[in-house]
Amino acid sequence: MSNPLKDMDKPDTIFAIGTNMTECHPVAATGLKKALTKGAKLVVADPRKTRLAELAHLHLPIRVGSDVALLLAMAHVIVREGLTDQEFISDRCAEYEAFETHLKEFTPDWASGICEVPAADIEQAALWYGKAKLGAIYYTLGITEHICGVDNVQSLCNLALLTGNLGKEGTGINPMRGQNNIQGAGDCGAVPANYPGFQPIVNPEFQEKFKEAYQQPDLDLGNSMTKVTALNMCGQEKNGIHAMIIDGENTLVTDPDKNHCEKALKALDHLVVIDIFLTETAQMADIVLPASAWGETDGVQANTERRVQRLRAAVPSHGESKPDWWIISGIAKELGIPGFEFDSAKDVFNELCSLSPIYKGLNWDNIGDGNYQWPVPEEGHPGTPILHQDEFKDGKPGLFKIIGYRDPAEVIDDDYPVWLTTGRRLQAYHTRTQTGRASGIDYLLSEETLEVHPDDLAAWDIADGSLIKMASRRGEIELKVEATTRSPRGTVFTSFSFAETNVNILTGSGYDPITQTAELKVCPVRIKPV
Amino acid sequence: MINDPNSTIAADLSITIDGQSTTFSEGETIYEISKRLQKDIPTLCYDDRLDAFGGCRLCVVEVEGIRNPVASCTTQASDGMVVKTAPPKIEKMRKTLLELVASENRQVDVDPLRGLASQELSTLVNKYGARSGRFAGAKSGTTNLQDANPFILRDYEQCISCYRCVRVCAEQEGDYAITVANRGFDTQITTEFNNDLRDSDCTFCGQCVQTCPTGALADKKALRSEELPEEIKKTRTVCPYCAVGCSIDLMTKGDKIVGAQPAMEGPANKGALCIKGQFTYDFIQHEDRLKKPLIKQADGSFKEVEWDEALKAAAKGFADARAKYGRHSIYGIASGRAPHEAAYSMQKFIRAGFGTHHIDNCSRA
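Residue numbers (numbering that gives the first Met the number 0), protein chains in the order written: chain Y, 0 to 529; chain E, 0 to 364.
The shape of chain E in the complex, shown without the other chains:
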């Protein structure tokens, strides 16, 4: 756990990182302590919700007294350790590694609509100037375009075998829908019996998409808006479905909602979402949405009217009922789907307006 204010740091364990001395608690890795010190160690296979994996080797650091560089994400700190996170030799190694990784992929630059972590590779390649093309060689992974599911693009020519997707599905979701087949250049992320995701244990929660550092797994639904020219804007809000209350970022281009991404800091979900929060935001821009107030005509059809007329007619019906049958003849039902302000206003409308408690919500359904 990184930056956990509750973890007790034993005063007698200390480590020196880039000349800076600090204490740590038993079990902490060099990477975790370095991150606490705001060291910018590059990673591609790391997701702090998952067990450290040590696959990408980008997080290697130099430890005094150890001949070879060690992976900081899987190496636990020990007392008196002296670590250098970015000496020139290590930085050169990282650049070479990134050149190798980049050479495996069809493209390094992908649209950010692909997923939350999709820019990680291109960001590092840029930072390390690793676009040399020195290793134009074999490529791994075969893109699966046969899987016709409308949510998850399986563009494995972009896969760098970090296994974050497989690990998030197992460790975070407990679903074990995908796995790794073969090794080396033949590595392929696949499902049981190589089925389509629909025929696997996949629940389409989208977590694999959002943790993928290259956009190999991508949000197909969001990519439909790839061509829209506007910048992507993100708005932090909470999912509108069940009462877990997962924090999400709604992505918009101009006035169009183009996608949703989980908020890693969300207090209720810590970056997790389900299919509903991840992929079903677009109802709000459906053509069936009501645009104007409607008043029913004598023939049973609805006529669009202006707000002023609609509010007056709505009020008149309640005034008439009160005059004819008394104040207890009016009832209000609030929504368990709308925000507090809706429910509060509705109960106030009934209590302040008619002095009754003829108010309820949909919890009895």
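Isolated chain Y, as found in the complex:
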């Protein structure tokens, strides 16, 4: 998030797109609800009538995967109506003229045909956001889990740049990250393209820095590989991946195209899984190493607003389970890899801080209970709750990006005539390895259903509550239907939480070419009674 959670009640206009915040980030959503009681306007773009959409002054139930068209048309209206912040654009942005020219043809009428919402509503959304004194954008995976996820995010950036809604309290572009420490995993360098602290691996300066720090003279310059590619390369003869270590991820259930994923993991010579349960993925491993769980380990995590917070052990580790860092260090030491003589989580965290410019001012003892939001470039620095206040990263201008609309990887046709979109539910977390084992949750959510508009059920002659078969080009699953107007006509929804109804057998039609994030939000399907 560019702006802090505590300021979520401050905007006068909120544009929430692709975020089911009351279910996925309920505590953050309370901030938006407070903004509403103070009189803020809320525009929600989401194919589904989520709780947040019910609270909105304007709900745009756009067709799944049509976000870019909506955002282009909103930018078109903002420019046409003279609602741009010309001072912000001239002081801090670049390539505006080309963008302005690009926008000319993308009228609300044009977008209406793609998004399947009235042009007047698109116009209204643009006018409200364009006229906002303090306009804030919030988004989640509904924006990123598309073949055009990067285009979607950049389209949102274009809107914020046009209106100068950045770098001020109560504004910003605010992605709500999914997992507790997904921000932290990136901060720590557990990504292909960056060393810790987002230092690019293509930069020879950082290559030298880490050659020395890690005592590894053969450290590659560039030459990275994402997990998606790695799974494609499992067992391949040329440039193949043959050994893998997975920590705390139920890859087989969370990732798209389950059958492909299963084949990939089977093709490995050697698979080590570190986890707290024998998950579906762990069952495929050659070696399973039991990790200490949350509540049993000391450590650090970073939240969606870049706040670095301490985790503390409350009980001893279960059985002989050990902290992840201890396990990984143990394997490293067996392999003779230098630099793994850690005695505690504190040692590991302090090494990270010493190598990461955004954590340079932090250490185990000064982070307290979340005193800082990074970047904290030196000790004594107060941290950075609001990004982009006076300048963008490295003093570069904010670039308008020329983006065009593309159809999803697969679109509906006679064989697969229904849009499926997937997501999460309040009472379950991801694949339920944890919430599914918490007592009481079954009272509220004991099985997964497919949410279908009642008119669709009537048209397909399917009874509410009955079992159906749902197939995509990759596979087929069975589950019960639930009639609800949360789903628009022609689009159905289910979560991926239940392994029994693993919807990721169906997904995986395409990937964003830049991030390789899967298009989990769009999958044409056909539905038949059982």
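Misleading hints may appear alongside valid ones.
[Stated by the list, open to error] Derived pair list, reagent style DSBU-like, types lysine-lysine, alpha-carbon separation capped at 35 angstroms:
| # | chain 1 | residue 1 | chain 2 | residue 2 |
| --- | --- | --- | --- | --- |
| 1 | Y | Lys103 | Y | Lys395 |
| 2 | E | Lys126 | E | Lys138 |
| 3 | Y | Lys237 | E | Lys315 |
| 4 | E | Lys255 | Y | Lys5 |
| 5 | Y | Lys132 | E | Lys295 |
| 6 | E | Lys269 | E | Lys38 |
| 7 | E | Lys323 | Y | Lys208 |
| 8 | E | Lys315 | E | Lys302 |
| 9 | E | Lys219 | Y | Lys48 |
| 10 | Y | Lys332 | E | Lys302 |
| 11 | Y | Lys210 | E | Lys323 |
| 12 | E | Lys252 | Y | Lys345 |
| 13 | Y | Lys5 | E | Lys252 |
| 14 | Y | Lys400 | Y | Lys208 |
| 15 | E | Lys295 | Y | Lys262 |
| 16 | E | Lys311 | Y | Lys262 |
| 17 | Y | Lys237 | E | Lys323 |
[Claimed, not checked] Sample of chain Y residues lacking proximity to chain E, with all beta carbon distances greater than 12 angstroms (derived):
| # | residue |
| --- | --- |
| 18 | Gly38 |
| 19 | Pro60 |
| 20 | Thr106 |
| 21 | Gln123 |
| 22 | Gln388 |
| 23 | Pro453 |
| 24 | Glu481 |
| 25 | Glu499 |
In case anyone wonders, no lab produced these hints; they're calculated from the structure. Every residue, glycine too, gets a C-beta built ideally from N, C-alpha and C.
We have chain Y already, so just place chain E on it with the hints.
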């Protein structure tokens, strides 16, 4: 806002509280200013995240020039005001009020596992020596044992009609799942159509439980450990689910996790939690937890082994792959669920061990 260092205090507005003179900013209540001066004014209906309510009347103070005591939580200070927070007359009134409140409830003393604020009534009753039993009379509220939900006990015989639960649900959560029916001794906190919570707009965030000053609303799940003899210990940590990063206190008795309570000072949540942070901590002590390292046997079954053997076998597989296929044949996936130390170690394992960037995390899923 109490103790807000950013609030500008106009130098020309001043108030005298218990003989101590201080400045204040316009709009501040007598209670807020008194709290800043560390005055210990008792309250039962007050939660500083919510609009002041003025229901319990315990926070009344004496203001010079005003005949009757005023509720300090709802009375804004005015320039030149002279306030006494605890003169004998007021303290006597507070004691009587507490005697009345205590007489309405089945019991004053409740297990602290019931909720974060559950000890507020008993603490005040003890402080004011208000266990006289002078007013053994009518009781209000009917406990709803029919609601079979596994999380929230609705023990309304303990209810004192402070409405904190109703207000936190509306003002803090924006859910409006519960409301007040009837008045006086017939007052009852209820849902729309008197349904079970499951059939209302309740999201089971537990905020009503944690703000209840008497334990009328109680953490049913935590109360399962009521009989365990050990003292409750609290450990401050952060919720393990989404990336909002809510601060919570894990409650333990001995080596058992018995509950979770929100941390009011949590920088990301300011005391708020959702159902996951509030009620789903117990997976970590589930019987399915892995206890020992496992190595897969030829028949596909797993065999429990010691750490030394497991680490050697894990390392050997990577050494073999490197020897047979080269250093680029190895890949590491870090967790977005585990702490920094896990992710940092994993990327270092790959980069320092094999000199590659064959490392990723689960953010692409």
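Hints, one by one, checked against the model:
Using a Cα cut-off of 35 angstroms, the hinted pair Lys103(Y) and Lys395(Y) holds, with the two alpha carbons roughly 27 angstroms apart. With a C-alpha separation of about 23 angstroms, the suggested pairing of Lys126(E) with Lys138(E) holds against the 35 angstroms cut-off. Distance restraint check for Lys237(Y) and Lys315(E): the Cα-Cα separation of roughly 22 angstroms lies within the 35 angstroms cut-off, and the hinted pair is therefore satisfied. Restraint check: the Cα-Cα separation between Lys255(E) and Lys5(Y) comes to about 33 angstroms, which is no more than 35 angstroms; the hinted pair holds.
For the suggested pair Lys132(Y) and Lys295(E), the alpha carbons sit about 61 angstroms apart, so the restraint of at most 35 angstroms is broken. Between Lys269(E) and Lys38(E), the direct Cα distance comes to roughly 23 angstroms. Compliance with the 35 angstroms bound is thereby established for this hinted pair. A C-alpha spacing of about 30 angstroms is found between Lys323(E) and Lys208(Y), which places the hinted pair at or below 35 angstroms, so the restraint holds. For the hint linking Lys315(E) to Lys302(E), the alpha-carbon distance of about 18 angstroms falls within 35 angstroms, and the restraint holds.
At roughly 33 angstroms between alpha-carbon atoms, Lys219(E) and Lys48(Y) fall within 35 angstroms of each other, so this suggested pair holds. For the hint pairing Lys332(Y) with Lys302(E), the CA-to-CA distance comes to about 23 angstroms; that is within 35 angstroms, so the pair holds. Among the hinted pairs, Lys210(Y) with Lys323(E) is consistent with the structure: their alpha-carbon atoms are about 24 angstroms apart, no more than 35 angstroms. Between Lys252(E) and Lys345(Y), the direct Cα distance comes to roughly 26 angstroms. Compliance with the 35 angstroms bound is thereby established for this hinted pair.
For a cut-off of 35 angstroms, the pair hint linking Lys5(Y) to Lys252(E) stands: about 33 angstroms separates their Cα positions. Under the criterion of a C-alpha separation no larger than 35 angstroms, the hint pairing Lys400(Y) with Lys208(Y) is consistent with the structure, at around 33 angstroms. The suggested pairing of Lys295(E) with Lys262(Y) holds, with an alpha-carbon distance near 18 angstroms, which does not exceed 35 angstroms. Taking the CA atoms of Lys311(E) and Lys262(Y), the gap is about 26 angstroms. The hint holds against a cut of 35 angstroms.
As the CA atoms of Lys237(Y) and Lys323(E) are separated by approximately 13 angstroms, the hinted pair is consistent with the 35 angstroms bound. Non-interface status of Gly38(Y) relative to chain E is upheld: no Cβ of that chain comes within 12 angstroms, the nearest being about 14 angstroms off. For Pro60(Y), the shortest C-beta to C-beta distance to chain E comes to about 22 angstroms, beyond the 12 angstroms cut-off, and the non-interface label holds. Against the 12 angstroms criterion, Thr106(Y) stays outside the reach of chain E, whose nearest CB is about 34 angstroms from its own CB.
At the 12 angstroms boundary, the C-beta of Gln123(Y) stays outside the reach of chain E, the nearest C-beta of that chain being 24 angstroms off. The Cβ of Gln388(Y) sits about 17 angstroms from the closest Cβ of chain E, beyond the 12 angstroms cut-off, so the non-interface label holds. For Pro453(Y), the condition that its CB be more than 12 angstroms from all CB atoms of chain E holds, with the nearest at approximately 20 angstroms. For Glu481(Y), the shortest C-beta to C-beta distance to chain E comes to about 16 angstroms, beyond the 12 angstroms cut-off, and the non-interface label holds.
The beta carbon of Glu499(Y) sits about 16 angstroms from the closest Cβ of chain E, which is more than 12 angstroms, so the claim that it is off the interface holds.
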